[in-house]
Amino acid sequence: MNRIRLTGLVGGLYLLLFFVYLFGPLLVMVATAFNSSSFPRISPWDCLTADWFVELFHDEKLLTGLGNSMIIGFGVVLVAVPIGLAAAMVLSQVGPRLRSVMYAMFIAPILMPGVVLGLSTLIFWDRLGTVFGADYNSLFYNGIFLTIIGQVTFISAYSMLVFLSRLQRFDPTLTEAALDLGATQTQAFFKILLPYMTPAVLSAAVLAFLASMENYNTTVFTIVADSTFTTVLAQKVRYGLNPSISAVAVTIVGITLLAAVLFESYNRYKKRQAQPAPAKPESTGFVRAITHPGFAAGSVILLAFAAVIWVNTYDSSICRAQVDAQKRAYQEEFNLQERPAEASPEATETPSAPAPKPNGSSIFAPGNLAPGTPETEPKSPSGGIFAPSNLAPAQ
Amino acid sequence: MTGITRFFNEFTERNGMPVAIYLLIAVSIWMLLLVALPQLTMLDFSFRQNLPPPQIGGPNDVYTLEQYRYFAMGNEISGSSFNALDISVLFKTLIAAALVTILDLIICYPVAYLLAQSSDAGAKRLLILALIIPYWVNEILRAFAFRILFGATGVINGFGMQLGLWDQPIDFIGQNIALYAGLAYAYILLMIFPLYNAIESLDKNQIEAARDMGASWVQVHRHVVIPYAKPGLASGATMVFMLTAGALAAPQILGGPSSLWFTQIIYQWFNNGGNWPRGSAYAVILLIVCISLVLMIMRLFKVSIGEIGR
Amino acid sequence: MAKDVTLDRVSVTFGDYTAVDDAHLTIRGGEFFSFLGPSGCGKTTLLRCISGFQEPSWGEVRIGNQNMKGIGPNKRPTALIFQNLALFPLMTVAENIAFPLEVRGVDKKARRKRADELLEMIALPDQGDKKISALSGGQKQRVAIARALAVEPDILLLDEPLSALDLKLRQHMRRELRAIQQQVGLTFIYITHDQGEALTMSDRVAVMSRGRIEQVADPKTIYDNPATGFVASFVGENNALKGVVLEKKSGQLLVDTGLGAPSIATPGGAKGENLKVGDPCHVFVRPECISIDMDTTENNYPARITQEEFEGQVRHLVVESGNQSLRVTQMGYGAEGAHLGDSVKLSFSPGKAIALPVGELASA
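Protein sequences, first through last, are from chains A, B and C.
Quick note: the first sequence, position 35, residue 35 per our numbering, numbers continuous.
Quick note: the second sequence, position 207, residue 207 per our numbering, numbers continuous.
Quick note: the third sequence, position 335, residue 335 per our numbering, numbers continuous.
Accuracy of the hints is not assured; some may be wrong.
Claimed, not checked - List time: in silico BS3-like cross-link candidates among lysine-lysine, alpha-carbon distance up to 27 Å:
| hint | chain 1 | residue 1 | chain 2 | residue 2 |
| --- | --- | --- | --- | --- |
| 1 | A | K270 | C | K131 |
| 2 | C | K131 | A | K271 |
| 3 | A | K191 | C | K108 |
| 4 | A | K191 | C | K113 |
| 5 | A | K191 | C | K130 |
| 6 | B | K124 | A | K270 |
| 7 | A | K271 | C | K130 |
| 8 | C | K75 | A | K191 |
| 9 | C | K140 | A | K271 |
| 10 | A | K191 | C | K140 |
| 11 | A | K191 | C | K109 |
| 12 | C | K130 | A | K270 |
| 13 | A | K191 | C | K271 |
What the hints contain is simulated information worked out from the structure, not anything from laboratory work.
Bound conformation, chain A alone (with noise of 0.2 Å):
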């Protein structure tokens, strides 16, 4: 018994550290984008602050890249989902040694490195512009034409690998039976087969913007002169990094469980549409009102209102104020070479650790800097061979 018990524990602990690992990084991501130090950092803890959102939707790059991102994401929808679809009713259609075969070709592009996809594609319209004598402002050489076609090239593979499993369960016989009562092959694929992938389309297009969205190695080459999304968040990272990075990931995050969420209890409901009326009553009204998706949908969009109201309005230029002025404070002290403060920094609000030890890193350290100043760590040449890795003071 005990050695039961001793494995349970020691598999719920290693769980729970495996957990803290999964979530571990996002908790704190997501905690920093409401600190107003410009450093990404939990502790010390400056001021609850709601900035990093307001300068998150005032960044024009990052909104064109956004832009960008959809647009490719609905070009790729609208190329790679016919494509996906076409080369799952090829392989149903071909013997048994040949499906292995086409199967093997048309799984490659998801297992090709995405810079190889990338920079192969962008090669390659570039020596056919070439040898049209395309110009630079055409089609050969434009970013979104050029990323949509190097993002097809694997997420087709995606929404064939979706549609495959829906085109298995299809009953050949109905197809049959149309023909049979007089339909032509191409009526039979319209009336009978489309109407039964119809799930399958829908999701195969979700997953495909999804990807689309998200792609970063296929994309940084073929983008060329434009920006998406990913390229313009890499950028920031490399270059520019605080925390309105953090704060992109929160709205992320609360969109995705948002959509999580009203997904989820549009099927409840659904679900609950088809069954008839439950075996046993139900709880009190007040019970099923709670537990009604509906709620839970209603009450989540609540909270993003709120979320965005808060943002809007929450002034946070006093508390900054006054960690400024207390930063500006110990900077002086200092420099006069005494003592380091202990009581003002405890005098103000900040509810946070205790102060910064006085070593050498801290004059260096970006939190300490003059108010003014903006904070980045130090810039790297752009691009060199050695990649701008944010290196330690102390270096």
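Following the hints, put chains B and C in place on chain A, whose structure we already have.
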């Protein structure tokens, strides 16, 4: 030839002309225009000189092994006989990818096993959902999260120093710890799901029978669970290895000065180096190496390509 | 307008495997015609040849004297009721029925009207807007038939349509199908492995085994005058007595059947006529044609009852005589008759003993 015409005729008859045309065009565009031709062009490019645009197609545009030679031998100026830098980077990338894969296997196997063994269906769904959440943010943000954690003024250093565990900030980044942790993290999902699916379908009675016969837990795993879950293992390992070896964002964001990734070199040749042919050659090398290793893994685990799918 | 269907030496082979071997017959317009045989006998393949999903490897299929070679299923005047019915799950009942009209470009109002007419005919009025999944098995059957009739085919093909139904429903549907056929006057081609269905519903039956057509005749003839051993043993219950022809005289045969004394039998069909003295043969006697308490001059043997089964309407006996045991079926309980262990007088009329050359029998 008649075999092909017969195939076309049957195909058209079976699908009707419009649909048949759609199917053939879609698949051809995909395979030829999007996959085959670009790869061939890249291959072709890798055998060419790096010429400025006006000279392309001219007398200087001959086939050459120059780019590959460069990879192996390096600059003639440097005087050394091997391109130690690039070759070592390739090796380091592959070894790092292998290490990350093994790390992920070790981390994820217990989780997949425990998850598959638990009998509470509701808890399972919840756990699976919990596993997916971190992947809603894209890989850049995941790398960023690790950046925050492991930076010199990052959270871990901050806590460590506050708790008095150490005085100077530990250079996680320079030591590549950040990078490995970040890479292992990035692909956990891809390792867990194939493993979980494989282990889930194992009949629990087999494990009980083995235990009943006196096998220790180690033996049970070694002789019952792992052989059964091999396709899942191979599938997960393949995906993680390929993605890690081909990763670009994480090394760019989390990499220290000593951890150059092969993909970063390729990226350089295309951007600042301005040498597309050379970049192509390196890309070809990466591709060949990766595919060979994947085929080796598949042969080692005795799985076929049909079993690698999501 | 019902049409003839002619199978002109049709054979279908898949590689080395022969699914249909030289099928040659004509189904008359307006007939209810059944193909009867065990699974794998080729009847489904033949049906697919007629409906257009399979091209014969040899021979011709003609409908109304027109060669159907190269004409696809959507262009033939046939309609097929699939074994799994193949009703379109995403459409309502009315949409299913109207589908053949829809693909022919008939407009919505006319389609709906025709669908309603057909719904009336199959006794499901006002069910048009229901989903297929909401119907019972029997109702789905009728919808499948209505859908096939919507296109006004000349030939209706039915592929074991009743096999998924329970007994009572099957019996009910048999009568219904026959009624519909006679009402609409189409040629029905019906395939089944259930001889009860074939015999009760059909005008003529073709019995098939291993790709070959063993006999084509009306149900009575199939039953009373089987042309081959297979037909004799597959249709209904039959006793097969293995024996040797001793004499041939005035249209009858004297056969040593191992019952103790020789039996007088009637040669069965063309094959039976070819039997010569000394040939081995099977003599088939139906269980209900055997008496155990009559004094007859011919074919009378002392015997003993070794098994007795009471099955409600009838009782089954196993009676042994010589080195043979025969199944005997009697109406009723036989309160006054002989029972287990008793000695009886086994007898049957020569007209009911059919002698055929030794051949393949239907497996029990």
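Unmet hints by their number, sorted upward, for this structure: 13
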